[in-house]
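Q: Residue-level listing of the chains:
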Amino acid sequence: MNTDGSIAERPKNPIDWQALRHDFPILHQEVNGHPLVYLDNAATSQKPRLVIDALRHYYENDNANVHRGVHELSSRASAAYEGARNRAAQFVNARSANEIVFTRGTTEAINLVAQAWGTQHIKAGDKILLTEMEHHSNIVPWQLLAERVGAELVYLPVSCDKGLLDLSRLDEWLTRDVKLFAMTHISNTLGTVNPVVELCARARKVGAVTLVDGAQSAGHCLIDVQEIGCDFLAFSGHKMCGPTGIGVLYGRLERLEATPPYQGGGDMISTVEFQSSTWNKVPHKFEAGTPHISGAIGLHAAMDYLDAIGRENIAQHDHELAAYAYGELARLKGIRLFGPHVGRAGVVSFLAADVHAHDLVTVADQRGVALRGGHHCNQPLMKKLGVESTARASFYFYNTRSEVDRLVEVLKEIQKFFGGNS
Amino acid sequence: MFDDLNDLYQQVILDHSKSPRNFQKMEKANRVAEGKNPLCGDQVTLYLLMEGEVVKDISFQGSGCAISKASASLLTDSLKGKTREQVKRLFEEVREMITTGKINGDEIGKLAVFAGVHKFPARVKCAILPWHAVVAAMEGKPEPVSTE
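In the order they appear, the protein sequences are chains H and B.
Just so we're aligned, residue 1 is where the first sequence starts under the working numbering, counting upward by one.
Just so we're aligned, residue 1001 is where the second sequence starts under the working numbering, counting upward by one.
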């Protein structure tokens, strides 16, 4: 899948996906007496040995604080940390590494924009446009901001049957008083791939600043912030083979420069006096305190790993596997599927008639199949869809067709168990 | 084939989840409390008619998984006619059983079907939710109770 949601051509040299599974030590275990089938990748991905080794190597060889020491280890740690920043800039095709701020993850990145940029630039009466398929992390920070400054939140509707944004009505929502438009690239519940290039272009026409939530897309398809044309893009390391606790906020340089500091502390300052301080340059202005150095180094290794496979290949694999899963689940009786019928990312949400999602997930777990059941941090969307929760299978490149077959087999068993006992 | 699952989903639980008892709003209730599990969206409302210290009548409404629904249904079946003190004591016994699997005292009765829940830590909250709500209803707490 490309940035715009279209499907890339099949690679000339097919990848041996089965062999890649050997890079992930965690996949080779039994859970509740059955081989693990890990289908909760939208929550977090597993980590290849190479990323785990990078963390170990750092702590065994180079560990020191960054940006302040003159000794050898500090120089190495600083070089590795800033190397990760350069790599992240390249990963999303930013113009400069100064446009990359390390955060704890997508959530903190969005909070940074809402609190620091938003407080400065969003005024009473302004509108903040979101979509109805946003994760709580791309709703609540804006609610806090709106409450603080007296702005209004408006939501671009999603169609319940297809799980797509209603672009024909975009002009009704994207008005001149919208100052910020924040949208998810890929829905963590529906698997919808939003046309972010078009959405950002339309936002620019009315002078709205844009933020793209790339949590579900960054490790799953090529990301080019210049092509997308967004002002901000946020993503998490742990959903793309990296460690937890590290993420990235990309911000267009002029936007970051017009943003006041987020948190105060060491490293984010230039000079400090008893009564006042001056700020360090972007992006260090936004990184108070000792950063997650090992996390950034692990993320660097993860980005290298993903690009060695090829993110366009990963997107293709995700897409094919999700389409296969959707088709197989659609053939079962009593299964309700959510989201777009075609062109979906590697996320399939569903419900089985008369079986609550949590019961379904508990039983699947007893068969070694790890699914997610619940509202997926999408409560307003669930309400709109008229359900409390769904079960969700989410895929990554190490998942296989035989794992989808296993899911289907287990689902049949679940239907029999709950149906057969009535 | 389903041996392991029968520990959790005993026949009585499946039966009560499909045909819950006392599953309606009670107009004459003088105590009402709502229980919510924000993690999974389970929601239960308990209606009590208290006469002095005694639970004269009890019913519930709500939506949730088989465990939470069956727990609410069996709870309403078990509490009719009990005093406030007896309900509180039973709540402690049920909580102990659901979290450890141990059954203390002889009040548990058919609620013993929930003993298997302790092997599924993620589901303990589902079983305990209506109990929190009933205690809150008896105490007349105005805010919805939460298992978080």
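Where hints are given, some of them may not hold.
Here are the simulated lysine-lysine pairs, BS3-like style, with alpha carbons at most 25 Å apart [stated by the list, open to error]:
| # | chain 1 | residue 1 | chain 2 | residue 2 |
| --- | --- | --- | --- | --- |
| 1 | B | 1080 | H | 412 |
| 2 | H | 416 | B | 1018 |
| 3 | B | 1025 | B | 1080 |
| 4 | B | 1119 | H | 416 |
| 5 | H | 383 | B | 1018 |
No lab work stands behind these hints: they were computed from the structure.
Given the structure is predicted, the values throughout are model-derived calculations rather than measurements.
Q: If a hint holds in the structure, say so; if it does not, say that too.
A: A quick look at each hint next to the structure:
no., hint, in the structure
1, 1080/B <-> 412/H, "violated, 39 Å"
2, 416/H <-> 1018/B, "holds, 15 Å"
3, 1025/B <-> 1080/B, "holds, 16 Å"
4, 1119/B <-> 416/H, "holds, 23 Å"
5, 383/H <-> 1018/B, "holds, 23 Å"
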